[in-house]
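Peer 1: If you want the building blocks of each chain, they are given just below.
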Amino acid sequence: MKTVQEIADLVGGRVHGDGALEIQTVGSLERATHGTLAYAEGKHLAMVGSTEASCVLIPDIELPARTVIVVAKPRVAFARAAQWLLPPRLPAAGVHETALVASDVTLGANVSIGAWSIVEPGASIGPGTVIFPGGYVGAGATVGADCILYPRVVLYPGTTVGDRVILHAGVVIGSDGFGFVFDGERQIKVPQVGRAQVGDDVEIGANACIDRGALDETIIADGVKIDNLCHLGHNVRIGDHSVISAQTGIAGSSTVGREAVIGGQVGIADYCRVDDHGIVGAQCGIPSRKRVPAGQPFWGTPARPLKDIKKQRGYIHRLPRMANEIARLRAELDALKAKLDE
Amino acid sequence: MKTVQEIADLVGGRVHGDGALEIQTVGSLERATHGTLAYAEGKHLAMVGSTEASCVLIPDIELPARTVIVVAKPRVAFARAAQWLLPPRLPAAGVHETALVASDVTLGANVSIGAWSIVEPGASIGPGTVIFPGGYVGAGATVGADCILYPRVVLYPGTTVGDRVILHAGVVIGSDGFGFVFDGERQIKVPQVGRAQVGDDVEIGANACIDRGALDETIIADGVKIDNLCHLGHNVRIGDHSVISAQTGIAGSSTVGREAVIGGQVGIADYCRVDDHGIVGAQCGIPSRKRVPAGQPFWGTPARPLKDIKKQRGYIHRLPRMANEIARLRAELDALKAKLDE
Amino acid sequence: MKTVQEIADLVGGRVHGDGALEIQTVGSLERATHGTLAYAEGKHLAMVGSTEASCVLIPDIELPARTVIVVAKPRVAFARAAQWLLPPRLPAAGVHETALVASDVTLGANVSIGAWSIVEPGASIGPGTVIFPGGYVGAGATVGADCILYPRVVLYPGTTVGDRVILHAGVVIGSDGFGFVFDGERQIKVPQVGRAQVGDDVEIGANACIDRGALDETIIADGVKIDNLCHLGHNVRIGDHSVISAQTGIAGSSTVGREAVIGGQVGIADYCRVDDHGIVGAQCGIPSRKRVPAGQPFWGTPARPLKDIKKQRGYIHRLPRMANEIARLRAELDALKAKLDE
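So the sequences go chain by chain: A, B and C. Be aware that the first sequence starts at 9, since it is given in the numbering used here, and climbs by one per residue. Be aware that the second sequence starts at 9, since it is given in the numbering used here, and climbs by one per residue. Be aware that the third sequence starts at 9, since it is given in the numbering used here, and climbs by one per residue.
Hints are not guaranteed to be accurate.
Stated by the list, open to error - Derived pair list, reagent style PhoX-like, types lysine-lysine, alpha-carbon separation capped at 25 Å:
1) 318/B with 298/B
2) 298/C with 319/B
3) 319/C with 319/B
4) 318/A with 345/A
5) 319/B with 298/B
6) 345/C with 319/C
7) 318/A with 318/B
8) 298/A with 318/C
9) 298/A with 318/A
10) 345/C with 345/B
11) 319/A with 298/A
12) 318/C with 318/A
13) 319/C with 315/A
What the hints assert, rightly or not - Here are a few chain B residues that face chain C, going by a calculated C-beta distance under 8 Å:
14) 39
15) 159
16) 160
17) 310
18) 327
19) 329
Unchecked claim - So these bits of chain B aren't anywhere near chain C, every CB distance computed over 10 Å:
20) 9
21) 33
22) 52
23) 74
24) 188
25) 196
26) 245
27) 273
28) 281
29) 283
30) 303
Keep in mind the hints are simulated off the structure, nothing from the lab. Quick caveat: nothing in here was measured; it's all calculated off a predicted structure. The beta carbon of each residue, even a glycine, is placed where N, CA and C say it ideally should be.
Required output: the full structure, derived from the provided sequences and hints.
Peer 2: Now the structure itself:
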């Protein structure tokens, strides 16, 4: 529990109203009750007067007759305040008696390793990291400080994970890339001898899969957020602070720059490049070896600038009119010719 | 083992032939053998005379010279009879000695909790429910009666699951939604403090992922069936008895009404609405904030009524002819002008 | 560690240079160092002179002034050599003390069964097979010889797996197919009483899901390679040595012939057929009951021969010019008519 004033101090905002009000939780404007912090931007500002929230984070507008905190970016401030008010409830530090931790493993201070977890030889787990039950940390893998590995995460041998990383249930990192060569009779497996490397402050959604590099590394840079059920192939590289929505697949050796935004169910074939700040719309398909520059959103399969796609769709919508006009031209021209032949 | 007459009584059908024949199993018309129950509808009725099945469920047609059960909906009756003849083989009741069940957990009668399962504090498990090995039921989660959780299901804290729910291996329910806000330098995590709520008679396929609400609830209503590897984002709501095929993704805050049918690999962006009885074809893409009304199937990306898509495709197929006709018009018009200029 | 000559003998190649050089590992031309074997084909042959690799596998070209092995198919030879040089590091044989193996299970010689694995009654595990921690082998399931099941693989009861099969972390095989029939009020589950059958030399990627047959079998034939997060529905059949890329879904009762190549994120609806050697491009959608013949790649949704799609796209790109030409024809024709009316 914090006071409105304490929250204002945290987010660098200015209290208007009662700074001593106590805040227990966060909520939406519609469903907030006493003790709740909410936020409002844009059209939702109309609800600031009627919400039952005890305090609302708002931008610098005409002040309403209620307790608010005025702040430049209410949604960002809300996220910060919510993190502070409602830290995730995590298991206590300690290694569960059933966990199997190899004797040479380096464990930082205050690690929590849940029941039936395995940490194989040569691995290391940084201070403050929590591994929920059923985690598997392969030989030589390293996990940094203050990470959370939810139940049943699997890290293949040699995987490296930075600090403050969140891996949701069922995530698999470092699995074999999909590399085969057909010898005329059968597919021969190309050994996958690289590694997967995950930076700091990364979050990866449930049951997502990241393959390790074939010969070199698969790299997820700092601050990258990857949603549920995504697939990243071998040698993929994702730049700092990029965001990848659910069920997107990125095939081998493709790279995504920093601060790029990739929609859901996008398919990026192999050896592609999405530039820094590139924007790829949901369900896009990017064919092999193509590049997506920044500056405008791409959409469709094969992906093209959204404005080109829209222009093309406009022409397609005109097709019935075009067909009619062609028929009219034909009739008029035939009539004219008949008349001249008379 | 049941007799033909017993099965007819169960499904409300009428025996023609030998009601005392014994039925052990169910099968397809093509591969059925002695002791097998099959069913036939439509064109498959031609096989009723030749199948080796001991009994066939058929609609009210001219009766063949063999043992059949006449019933209004043979496929529905077959499903019911098969459930009765072949109940799933489930582990015996009891809590495995290796399972970790917190001391304050409420366990119903005849629950079965498999090896290396965890039921965290404050959780409750209804009577007759089976948790296969490796299940994880988070703090405060509730599972109703007569559910089956196949191996390695993960329920995050606070998740609620109704009665007679089937969750296949690797299902994750209640994971964090994908909520971040960019502060200009990095993505700030928006705490996900809602819950996921699953109704009665729901079935969810292997490795599917359902995120919990950001502030409120993600809701899967009664009777919903969700196939393998689907993704449902935070605050999604699915109405009663809707069916969602494999690998479909539904982004945050979208709603699907009751008795809707969603094909495989569909992508529904955020804040969309599929109405009650809506039909969305496979691989459809529904852009943000769009609505799919009922009454006709939708298809394509962006999704539109199937008949509009078909009409448009018809025009696109006519393009070569249109181009030719334009070229002919040009030639004829030029010839005419030349002639008139003479 | 092997010598260049030993590797040449293995792959059937011819040494040019120093056959006694020692090779420890494999790598890419760009990043290879001393002791590394690389390979070069096509445009990469330009790098053979400058790589620091100790030996390069090359095709029969003009010989460079360095140690190489000349071989018909360098990439195939590289895969073979890499398998030999870098066998996967696997756990030692033995059944971990925490594993629960039913008393009637048949275990081959030298099996390795990891911690907290379960092998249910009636199952059998072939010689040399490794089950990583947390594996679940259901009742009556059989796993052949020399397989690798990475952590947390789940085989439902009755599943059969051939020899030398690799199943990555989180794979689920034999889950219930998605079979329901609507009785007017609710979806009735159609019991799924078939099996899933996986041939020899199959590899299946992380978190992929294969449902068992409804009444009969789901069949993955020998040598098939399936990438991460794929979904195969009930009664699907995949022919020998076919390759299916990540996140592809194949719905119930569809068949894929032998040596077919299916791209990533492909959706194949139910009752389809991809012929032997068929090629289906990434993100293709194949509607229900359609057939993809061999001989040319298919692409798009609905999938059609790539050359038809390209031709159609060409016409669509011409639309602006067509519209302009129609407008010109209109103007000229109107002018002509006006002139004649004078």
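Peer 1: With reference to the structure, classify each hint as holding or not holding.
Peer 2: Structure-based check of all given hints:
no.	hint	in the structure
1	318/B with 298/B	holds (20 Å)
2	298/C with 319/B	holds (20 Å)
3	319/C with 319/B	holds (19 Å)
4	318/A with 345/A	violated (39 Å)
5	319/B with 298/B	holds (21 Å)
6	345/C with 319/C	violated (36 Å)
7	318/A with 318/B	holds (19 Å)
8	298/A with 318/C	holds (17 Å)
9	298/A with 318/A	holds (20 Å)
10	345/C with 345/B	holds (11 Å)
11	319/A with 298/A	holds (21 Å)
12	318/C with 318/A	holds (19 Å)
13	319/C with 315/A	holds (22 Å)
14	39	holds (6 Å)
15	159	holds (4 Å)
16	160	holds (6 Å)
17	310	violated (13 Å)
18	327	holds (4 Å)
19	329	violated (10 Å)
20	9	holds (15 Å)
21	33	violated (7 Å)
22	52	holds (13 Å)
23	74	holds (20 Å)
24	188	holds (23 Å)
25	196	holds (28 Å)
26	245	holds (18 Å)
27	273	violated (4 Å)
28	281	holds (22 Å)
29	283	holds (17 Å)
30	303	holds (18 Å)
Checked against the numbered hints above, the structure breaks hints 4, 6, 17, 19, 21, 27 and satisfies the rest.
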